[in-house]
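Peer 1: On the provided structure of chain H, position chain B as indicated by the hints.
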Amino acid sequence: MVPVMAETLLKVDGLQAWYGESHILHGVGFEIGHGELVTLLGRNGAGKTTTLKSVMGIVEKRTGSVTFEGRQLVGHPSNEIARLGIAYCPEERGIFSSLNVEENLLLPPVVKPGGMSLAEIYQLFPNLEERRRSQGTKLSGGEQQMLAIGRILRTGAPLLLLDEPTEGLAPVIVQRIGDIIRQLKSRGFTILLVEQNFHFAATVADRHYVMEDGRVVDMIASADVQQNIGKLQAYLGV
Amino acid sequence: MFELLGIPPQALFGQLLLGLINGAFYAMLSLGLAVIFGMLNVINFTHGAQYMMGAFAAWLMLTILDIPFWVALVLAPLVVGLFGIVLEKVLLKRIYHLDHLYGFLLTFGLALVIEGLFQWKWGSSGAPYPSPIPGGTNLGFMFLPTYRGFVVVAALVICLVTWYGIERTKFGAYLRAATENPTLVRAFGINVPRLITLTYGLGVGLAALAGVLAAPIQQVSALMGVNLVLVVFAVVVIGGMGSIMGSIVTGFGLGLVEGLTKVFYPPASNTVIFVVMAIVLLVKPAGLFGQTK
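Protein chains in written order, with the working numbering: chain H, 1 to 238; chain B, 1001 to 1293.
Excised from the complex, chain H in its bound form:
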């Protein structure tokens, strides 16, 4: 069964990006419909994180086209891109040590109506409420990840960019993050998820884009994963 594509929310076309002299992305193209949960899979260094950063506007140089709700993002600084309704959760989590848990949660400004309230976020992550006065970086790895996800849910941004939210976490926490990501999807968030952990990705996503050497080389719907398991393993080198 081929999933019916909803109206396109984010469309990336011919995206190239550089860090200094090194050319990382060589023409990335993919799209995500409203309410979809799509992953970028690929080996280390394939350009998944750089793709997220290029959408967000935090690479040194990028060309090509990224449109969000029909608006061109290339050429705009990241603060303007965020205000259009894209929220970013970085791989290194980016918890601020000079802010306590609640200050971290309240830091990203609300950009659109319809975001979750602080109470709803605490309901989703009870641990964070218990530790709301603790220094952000004193939390455990799993709690920090929950804080990094939680703080972008207040903003009302309909598109979430999540960079390896399960990296380095214990299996039971990975499961918990999976539950939360599924809940977010059912609440109507559109999610672009970068993952190394293919087995995790397969349990939450609608479709998977496979990246290699700075390009998207394949697209596999979650329903077709079993038929394509050999091909996927070859792509990911597992």
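Calculated from the structure, these hints are not laboratory results. Given the structure is predicted, the values throughout are model-derived calculations rather than measurements. Ideal Cβ positions, reconstructed from N, Cα and C, are used throughout, including at glycine. Hints should not be assumed to be uniformly reliable.
Incomplete in silico selection of chain H near chain B, CB under 10 angstroms [stated by the list, open to error]:
{"hint": "1", "residue": "N44"}
{"hint": "2", "residue": "G45"}
{"hint": "3", "residue": "P77"}
{"hint": "4", "residue": "N79"}
{"hint": "5", "residue": "I81"}
{"hint": "6", "residue": "S97"}
{"hint": "7", "residue": "S98"}
{"hint": "8", "residue": "I152"}
{"hint": "9", "residue": "R215"}
{"hint": "10", "residue": "D218"}
{"hint": "11", "residue": "S222"}
Pairwise CB distance ranges, derived in the manner of DEER restraints [to be verified]:
{"hint": "12", "chain 1": "H", "residue 1": "N127", "chain 2": "B", "residue 2": "P1009", "range": "55 to 61 angstroms"}
{"hint": "13", "chain 1": "H", "residue 1": "G29", "chain 2": "B", "residue 2": "L1230", "range": "40 to 46 angstroms"}
{"hint": "14", "chain 1": "B", "residue 1": "D1099", "chain 2": "H", "residue 2": "G29", "range": "53 to 59 angstroms"}
Peer 2: What follows is chain B alone, placed relative to chain H:
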């Protein structure tokens, strides 16, 4: 009357008050430096010149426009802070990606140019500024000029308000977060370049505010910030670069240490702060309140 190690109380408390007043200026100035350094990563060597500009702005407002002290206390920091904002937008923002040395050369050069211009126009002998609250109180053990008492209280209030603004408000949370990870804060939708410009304006305005407060105590002169800024840099190093509370506590503390030295061993009073700096650097290289990055 009591005597302390043969020191008459008038001399002791007189010097302590002087130390407290000096400390008030050290605290206000090093606070501005700390705020600017935290956000811009630039050591603002123009700070002394901007302090002087605050005093001059108040003096010019009084002598030319007949604007009283209390109005100038608000107006002069705004004008000088605005000048800082222009400076940041035109010059400073071009050097953030370069080595610290360039920031030093630029801000130091600017200080020389600004002080040179003021000296060329108004000379270096200095002009008096009348005290806005003349008179004083005899406390029994010493005479307290009212204006000096006011300066100490005003400086304390200014320092605490600044501390509160940075540590307890939303704007302060943006500042602290942007100091740590400007890229991510910007990716949340905050205009970090504008935040940086505002921070510089704020730090410069704080220096100018100290300058206005100093005008009735000191002569208003082109070079009034030159020596002061050297001591203030020592205070910042002792307190720890970028630490807000550190700057406040160290500023007042070192003013008192200096005052006490004047009583007990006057020859050392000009150097005591630098001796403390050397010792602190040996024992705690990041400063008393600083964190190693």
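Peer 1: Tell me the numbers of any earlier hints that the structure contravenes, in ascending order.
Peer 2: 1, 2, 9, 10, 11, 13 and 14
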